[in-house]
Every structure is written in structure tokens, then in C-alpha cells.
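Generate coordinates for the entire structure from the input sequences, incorporating the hints supplied.
Line by line, the protein sequences give chains A and B.
Under the numbering used here, the first residue of the first sequence is numbered 1, with each subsequent residue one higher.
Under the numbering used here, the first residue of the second sequence is numbered 248, with each subsequent residue one higher.
No lab work stands behind these hints, which were simulated from the structure alone.
Don't be surprised by glycine CBs; every beta carbon is placed ideally from N, CA and C.
A couple of the hints might just be wrong.
Claimed, not checked - Quick list of the computed label-pair ranges, beta carbon to beta carbon:
1. Glu340(B) <-> Lys240(A): 38 to 44 angstroms
2. Gln472(B) <-> Gly129(A): 57 to 63 angstroms
3. Leu469(B) <-> Asp42(A): 36 to 42 angstroms
4. Ala328(B) <-> Lys99(A): 33 to 39 angstroms
5. Ala328(B) <-> Lys83(A): 54 to 60 angstroms
6. Glu251(B) <-> Arg186(A): 43 to 49 angstroms
7. Pro311(B) <-> Lys98(A): 33 to 39 angstroms
8. Gly447(B) <-> Lys83(A): 18 to 24 angstroms
9. Glu252(B) <-> Lys83(A): 21 to 27 angstroms
10. Trp250(B) <-> Asn80(A): 18 to 24 angstroms
11. Pro336(B) <-> Lys226(A): 33 to 39 angstroms
12. Gly309(B) <-> Lys41(A): 22 to 28 angstroms
13. Phe333(B) <-> Val229(A): 54 to 60 angstroms
As the list claims (entries may be wrong) - To list a few chain A residues with every Cβ distance to chain B over 10 angstroms, as calculated:
14. Lys24
15. Leu25
16. Asp73
17. Ile76
18. Lys83
19. Ile93
20. Gly133
21. Leu148
22. Tyr156
23. Asp165
24. Glu219
25. Ala223
As the list claims (entries may be wrong) - Taking beta-carbon pairs under 10 angstroms as the criterion, some of the chain A residues facing chain B (in silico):
26. Ile39
27. Thr233
28. Lys236
29. Ile237
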Amino acid sequence: MKKIALALAGLLAFGVATADAGEKLRIGTEGAYPPFNNIDKDGKAFGFDLDIADALCAEMKVECEIIAPLDWDSIIIGLNKKKYDAIIASMSITEERKKAVAFTDPYYSNNLTLVAKKGATIDPSNLAGKAVGAQRATIAANYATDNLKDVDVKLYDTQENAYLDLASGRVDVLVSDKLPAYDWLRSEEGKGFEFVGDAIDVNDKIGIAIRQNDTELAEKFNAALKAIVANGTYEKINAKYFPFSIY
Amino acid sequence: MNWEEIFLALPKLLDGALLTLELVIISCIVGFVIAIPIALMRSSQNWWIRNIPLIYTFFFRGTPLLVQLFLFYYGAAQFDAVRDSFLWPVLREAYWCALIVFALNTGAYTAEIFRGAIQSIPHGEIEAGIAIGMTKMTLYRRIVIPRALRIAMPSYGNEIILMLKSSALAYTITLFDLTGMTRTIIARNYLAIEMYFTAGVIYLLLTFLFIQVWMRLEKRMLRFQA
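Written as C-alpha cells, this is what we have:
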């Protein structure tokens with residue numbers, strides 16, 4: 001009798017535990033890509049991506065747990081190893097990534113831009129001989145390696161390190177996502193720098209990455225996204241970071 | 248396992264391995280040159296001579312190599328004084344920063360290995376040298392240093408292997424060493440397991456070759472013991 005009771009108790013505990021783990025949605029983010037995701041002094045993630053995550057979780061009425069900071073290089077691997085259920089980390093939807101993960105509808109769009117020191121004579125159509133920096137494993141890095149001729153491409157693990165080397169003059173130009181660069185240009189560190197040339201349209205849509213067989217979660221996210229765009233929550237979050245719409 | 252992709256990536260990975268090898272060999276040679284005088288100072292009878300190099304070995308052994316690299320590469324470049332100095336043409340290159348930090352780091356460990364070896368030379372051998380009237384210079388040149396190097400060989404070999412693996416941090420300052428190349432390739436093909444597996448095999452191969460050479464060298468140097 002005692003044994004059965006124990007077994008029952010075990011079963012109950014197990015049931016509760018799995019239900020708990022099942023309802024909590026774990027969302028991974030990088031935490032090194034301001035203003036979209038960043039880590040504050042207490043180790044908590046914050047930024048546009050996190051605000052969107054909060055709004056979506058509230059809309060879907062699920063409890064979410066943020067897993068951060070994560071290594072960008074291995075962020076997709078962690079998703080597929082089920083360390084978290086979704087990545088909301090300003091990830092561009094690409095064919096290459098679609099081989100490894102699925103994406104929701106885009107929650108914002110991004111262009112690339114060149115950034116250089118104010119007054120530097122940089123001709124965006126001819127960068128030959130220049131040292132060009134970009135963050136490894138990003139669209140900007142792919143653009144720099146594939147589209148720029150005769151340049152010395154340097155790849156960084158975080159965008160901050162790339163900014164540091166632009167500031168020190170080790171690289172002449174950065175290829176960067178336009179929106180985070182816009183934020184950096186307004187900061188104390190970035191005030192001596194400017195956009196060079198026109199924005200580079202690379203049809204770059206940003207989505208939430210989920211595991212490939214997780215269609216139910218994708219549908220939930222898409223419905224919640226439509227809802228927050230319709231009810232004005234999205235616009236409010238957008239306005240907090242950019243004076244123009246990025247949807 | 249996607250063997251075709253591994254095969255495709257191999258030339259680039261070997262390119263990376265070449266840079267890794269270059270970094271390790273040069274920094275170990277420079278580290279060795281730094282380590283000898285530091286080790287001699289560290290085993291001196293004089294308190295001042297013994298403890299001044301301690302600041303250097305304490306810092307490099309007491310902080311992570313990654314922190315040292317970042318301080319040296321990103322940190323130093325923040326200061327106008329550094330950027331305007333005659334050293335900037337060297338310090339602006341990630342390659343030289345990595346070499347300098349690696350050399351200083353392995354130099355600190357090697358110095359402590361050599362110090363231990365110097366102190367474990369049987370006292371009788373040094374007394375014998377003094378007894379036949381060797382000057383201090385001759386004593387060091389003919390007894391202390393050769394004897395200490397022999398005693399240190401096994402643990403020094405270990406330090407070189409550790410350096411080979413530590414050199415994987417070079418990628419954090421934009422170098423395309425074996426690890427940097429691996430991560431860059433993974434960023435394009437997402438075959439993390441395949442690429443890290445291949446990189447691991449290359450590292451193992453390098454270590455294996457090194458151990459073969461080192462064992463021969465040890466055998467030769469320590470043949471008087473057999």
C-alpha cells in the first residue's frame with residue numbers, strides 16, 4: 001500500500017513537473033545587440049526584442065522564461081537541442097537558416113548600411129583596399145564576404161567588438177544592420193561616426209526562430225503578432241526605440 | 248556526417264591550422280626566451296630579484312588568457328596615447344597582439360616550470376661545479392641551465408600542448424586560426440558537429456605529431472639516465 005502511495009505520489013509529482021515545463025515557454029536571446037537585445041547590470045535581458053517577447057507572451061497568455069545571454073554562433077544549435085523553444089533575437093530569415101529552423105512571420109525589417117568615421121573619404125561603390133568589419137554569422141558578414149571586392153574582411157563575435165575596432169581605426173568601414181547602427185550613432189561612443197551611402201536593401205526580414213516541427217507554436221506566435229500590430233501595442237514598442245516604423 | 252561538406256571545408260581548415268601552428272611556434276619560442284632570465288631571477292637568493300618578476304608571472308598566471316587578449320587588443324586601443332604612439336602599426340594588427348599576449352602568457356608559465364626545475368637540481372651537482380672552480384657564469388651555462396631544462400622537459404612539453412589549445416582564443420580578436428576558420432565556416436553551412444569534429448581531429452593530429460617529436464627529444468636529452 002505504502003509502495004503504491006509512493007508510486008502515485010511520484011506519478012503526480014512527475015505529472016505536475018511536466019505540465020509546468022510544458023507551459024513555460026523558454027525564449028532565447030543573445031543579449032549583445034542593442035537596442036534590440038542587451039543585458040543590464042543585473043544580468044537581465046532588455047530591449048526591443050524583449051518588449052516584443054513580453055507583448056507576444058501576454059497576448060498568447062503563456063508564461064515565458066527568457067534565456068540570456070546566449071552565444072550567437074551557437075544560438076540555433078541550442079534551439080534544436082531544446083535548451084529553449086524560440087529565439088527572439090533579431091534573427092534574419094534566410095534560406096540557409098531555414099534548413100535548420102523554422103520562422104514565424106517577420107516582426108520587423110532591416111536594411112544594411114555602411115558606417116565610417118565622420119569625414120573619412122569612403123566611396124561606397126569602391127571599397128577596394130579598405131579593412132571592412134562585420135559580425136560573424138550575420139547577413140552583414142555574408143554581404144561583406146560575397147559582395148565587396150578586394151577588401152580585408154574582419155569578423156567579430158559581437159557587434160560591440162566591431163564598433164570598438166571601428167573606433168580604434170583598425171577597420172575603415174563596418175557593414176552593419178541599419179537599426180542597431182542608428183542607435184549606436186546616437187550614443188556617446190558613436191557620435192564621431194556616420195552612415196555612408198544609401199541603405200543596402202537585402203530583403204532582410206526578421207523573424208522568431210522555432211524548431212522545424214513546432215508548427216503549432218509558429219501559428220500561436222503569428223496570431224499573437226497580428227493581434228499586437230492591430231491593437232497598437234506594436235506601434236507603442238516601436239516608438240520607444242525608433243522615430244519611424246520598422247514593421 | 249556530411250563528408251562532402253567536410254571535404255569542401257578542409258582546405259580552409261588547414262589554412263587555419265597553419266596560422267594556429269605559426270602562432271604557437273613563434274609564441275613558444277619567444278616565451279622560452281622570456282622564461283629563462285625570469286626563471287633565474289625567480290630562483291635567486293636575493294628577495295628583490297626573486298620577487299620583482301613575480302608581478303609579471305602572477306598577472307599572466309592569475310588572469311584568463313581571454314581577458315589578457317581583450318585588454319591588450321580592444322582595451323589598449325581605446326587610448327589615444329596608444330593609437331598615436333610608434334607602437335600602433337604593430338598593435339593595430341590582431342596577429343601581433345595575439346603573438347605578444349600568447350608569448351607573455353606562456354613565458355610566465357614556462358618561467359615557473361623552469362624555476363621549479365632549477366630548484367630541484369641536486370645540490371651536490373652545483374657544489375661539484377663550485378669545487379672544481381667554475382665561475383658563476385660557467386656554472387649556470389654548463390650545469391644549472393642544461394640540467395634544469397632536462398628536468399623541465401616533461402612539464403614543459405605539457406605547457407606547449409596547453410598553448411596549442413589556448414591559441415584557439417585567437418579567433419576572438421578576428422584571426423582566422425583553426426577555431427576562427429571553423430566558426431566562420433559554421434556560420435555559413437550550420438554543420439557545427441561536422442566542422443568541430445574536423446577541427447578536433449586536426450588539433451589531435453597536431454598534438455600527436457608534437458608528442459612524437461617531443462618524446463624523441465626527451466629520450467635524447469635524458470639518455471644519460473637510462
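- Out of the numbered hints, which ones does the structure contradict? Hints 3, 4, 5, 11, 16, 17, 20, 22, 23, 26, 27, 28, 29 are the ones this structure does not satisfy, whereas the remaining hints hold.
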